[in-house]
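> Here is what each chain is made of, one letter per residue.
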Amino acid sequence: MDGFAHQLIAGIATGGIYASVALALVMIYQATHHVNFAQGEMATLSTFIALTMIQAGLPYWVAFFATLVVSFVIGALVERILMRPVQNAPVLTHVGVFIGMLLIISNATGWIFGHTTKAFPTPFQSDGLLFGGLVSAHELGSTAVTLAVLILVYLFFAHTSLGLAMRAAAYNPRSARLVGIRVGWMLALGWGLAAAIGSVAGMMVAPAVFLDPNMMLGILLYAFAGALLGGIDNPSGAVIGGFMVGVLENLAGAYVVGTELKLTVALVIIIGVLVVRPSGLFGRVVFSRV
Amino acid sequence: MRPLLLLAGLALALLPLWLLEGFHLFQLTQAVIMALAVLGLNIVTGYNGQISLGHGAFFAVGAYATAIPMSLLDWSFWATLPVSALICGAVGWGVGFPALRLGGLYLALTTFALAVAVPQILKHKAVEAWTGGVQGLFLLKPEAPEWLKLNPDQYMYLVALLVAGVCYLLTANLLRGRIGRAMMAVRDNPTAAEAMGMDLASIKTRTFAVSAIITGMAGSLSAAVVEFVAPDSFTFILSISLFVGMVVGGVGSILGSVFGGLFVLFVPNLAEAVSRSAPGVIYGAILILFLFVLPDGVAGLVRRLTTKKRVIPGREPS
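Chains as they are written, first to last, in numbering that gives the first Met the number 0: chain L, 0 to 289; chain H, 0 to 317.
It is possible that some hints are incorrect.
[Unchecked claim] Straight-line distance between alpha carbons at most 30 Å, and here's what the computed DSSO-like set of lysine-lysine pairs gives:
1) K124/H with K148/H
2) K261/L with K148/H
3) K140/H with K261/L
4) K117/L with K261/L
5) K140/H with K122/H
6) K117/L with K122/H
[What the hints assert, rightly or not] Partial list, derived from the structure: chain H residues whose beta carbon lies under 10 Å from chain L:
7) G21
8) F25
9) I50
10) V115
11) V225
12) F227
13) A229
14) S232
15) F242
16) V243
17) A277
18) I287
No lab work stands behind these hints: they were computed from the structure. Note that this is a predicted model, so its numbers are computed, not measured. Quick reminder that beta carbons are idealized off the backbone N, C-alpha and C, glycines included.
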């Protein structure tokens, strides 16, 4: 029973990571109706930047926030330089650009920082496990950080005028432009925020899975599965979906399929959701009329 | 004009039989195979407008569908081809069916997940007896009949050319006919297509199955030519290479698929020559450059250079 409880809690901790990547995916989806395949690679790059700063002697939290800023700038620049010129092109072009970015970033990361697996420090040090051996300090801490990020994002979108402007720009670009919102910059802002959220996910997951240039590939798929499960157009649904996928993955890995097929679990969830309930658990059902 | 061009193309394709040998001919054989795989992807993405990032998975299914009977049951290569086509078609239909219910990006991500999961599935214990697990399977390439007087490399090139040629002809015919027009109608204007009485879901899933069969044939050929299959030859990088090859060669162009195959095989080597440490950076940069500057790919460039501009008053030259 203890084993089960531990698996459940470990699942919630990894689920938090998936939830934040899923949130980043949903945010870009809401702002642009695209799913960024390079999201994971961008997060890995951010994590490497954070590691470099920590190794240079900066305190953890200084490096943490500096990485957020750097990631935000990178994300916004990517939108300005790579996505802007093709914003009216067909979906295929966007997917192509994402794939190109994925190749460039993952290769450049390996080239600059090396292909070896690296340990990444966690700010939540403690001796042994807490609460009678159920949960490690890092699991608890990273879940708390993830929840904090999610709450901040919610507050930003629901209760600030900038958040409202971003939602307006995504929902109806033309009307938004007519009331004076600079839609182009809102998109760049959305990309920056998504990159920053992704970097938090990267820094929180790296101590658990170790850092290497391909760290986020599987995580991106789980996050996508989570986003789909919760409903790709619903941020809070994506968060809940991310947690659910984390728990499902851990329990399935421990009791059903073993660790070798963990990625296949993501595939099964994705296909399962698409077959049974394409709008996800909390998504809006969209009807299209001919 | 058309038959003449085809004959010239055939002669050009046969020339390397005597001009090249050994490793170079082997490489060219693989380029032919890649061209076939890219053609499969082009059917569904170029002509039907559905983005697949997982065609490496069908390549893998085709390769194993040939390797398992040849290696474990001593079948001949030719006997495995229909079986491989059946299996790939079924798998393509099975994957396409759920994902095609939703728009382009969902399919892209689902197929991407498939591409990532395939090596894991092939390595799994439950199928290890058949797939040989991580070790993979060895097989022997089909031998040339006596009367052809060809060495094994030449014969494999001929086999690949034959299979690819037949698939290219069949595909060209399919795309020119009623079904091909339906595929393109679904791509260009689904609403109008449905109003005309086309069953969108059925056309999409069938297109996906056909496309999986063509790419699967390429996988079958590849297994016979390389004489070896293993899960790690079929990572998601393969799927992405096919995608890049299609974009660079020309989306929605049969000729473009040929350029795409050449690109997939030869450009990674070139990229490695330019920068040993990060060939992927160059690969990705080429992809993005093409999307920005030449979205019709090499085939589009060729078309632009060979067709005369006819300016109709009051209209943009096309």
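> Confirm or reject each hint.
So, going through the hints one by one against the coordinates:
Between K124/H and K148/H, the direct Cα distance comes to roughly 43 Å. Violation of the 30 Å bound is thereby established for this hinted pair. Between the alpha carbons of K261/L and K148/H the distance comes to roughly 51 Å, so the proposed pair goes past 30 Å and is violated. For the given pair, K140/H sits about 35 Å from K261/L by alpha-carbon distance, which is inconsistent with the 30 Å threshold. Restraint check: the Cα-Cα separation between K117/L and K261/L comes to about 22 Å, which is no more than 30 Å; the hinted pair holds.
The hinted pair formed by K140/H and K122/H meets the criterion: a straight-line CA distance of about 23 Å does not exceed 30 Å. The straight-line distance between the Cα atoms of K117/L and K122/H is roughly 26 Å, inside the 30 Å bound, and the hint therefore holds. Given the 10 Å rule on beta carbons, the hint for G21/H is violated: about 31 Å separates it from the nearest Cβ of chain L. For F25/H, the shortest C-beta to C-beta distance to chain L is roughly 26 Å, which exceeds 10 Å, and the interface hint is violated.
For I50/H, the suggested interface contact is upheld, since its CB lies about 5 Å from the closest CB of chain L, less than 10 Å. Given the 10 Å rule on beta carbons, the hint for V115/H holds: about 6 Å separates it from the nearest Cβ of chain L. At its closest, the beta carbon of V225/H sits 24 Å from a beta carbon of chain L; the interface hint therefore is violated under the 10 Å criterion. Residue-level restraint check for F227/H is violated (minimum Cβ-Cβ distance to chain L is 22 Å; threshold 10 Å).
Interface hint at A229/H: violated, since its Cβ lies 16 Å from the closest Cβ of chain L, which is beyond the 10 Å cut-off. Hint on S232/H is violated. Least Cβ distance to chain L is approximately 18 Å, over the 10 Å limit. The interface hint given for F242/H holds, since its Cβ lies 6 Å from the closest Cβ of chain L, which is under the 10 Å cut-off. Because the beta carbon of V243/H sits about 7 Å from the nearest beta carbon in chain L, less than 10 Å, this interface hint is met.
Checking A277/H against chain L by beta carbon gives a least distance of about 4 Å; that is within 10 Å, so the hint holds. Below 10 Å, beta-carbon pairs count as interface contacts, and I287/H has one with chain L at about 4 Å; its hint therefore holds.
Checked against the numbered hints above, the structure violates hints 1, 2, 3, 7, 8, 11, 12, 13 and 14; every other hint is satisfied.
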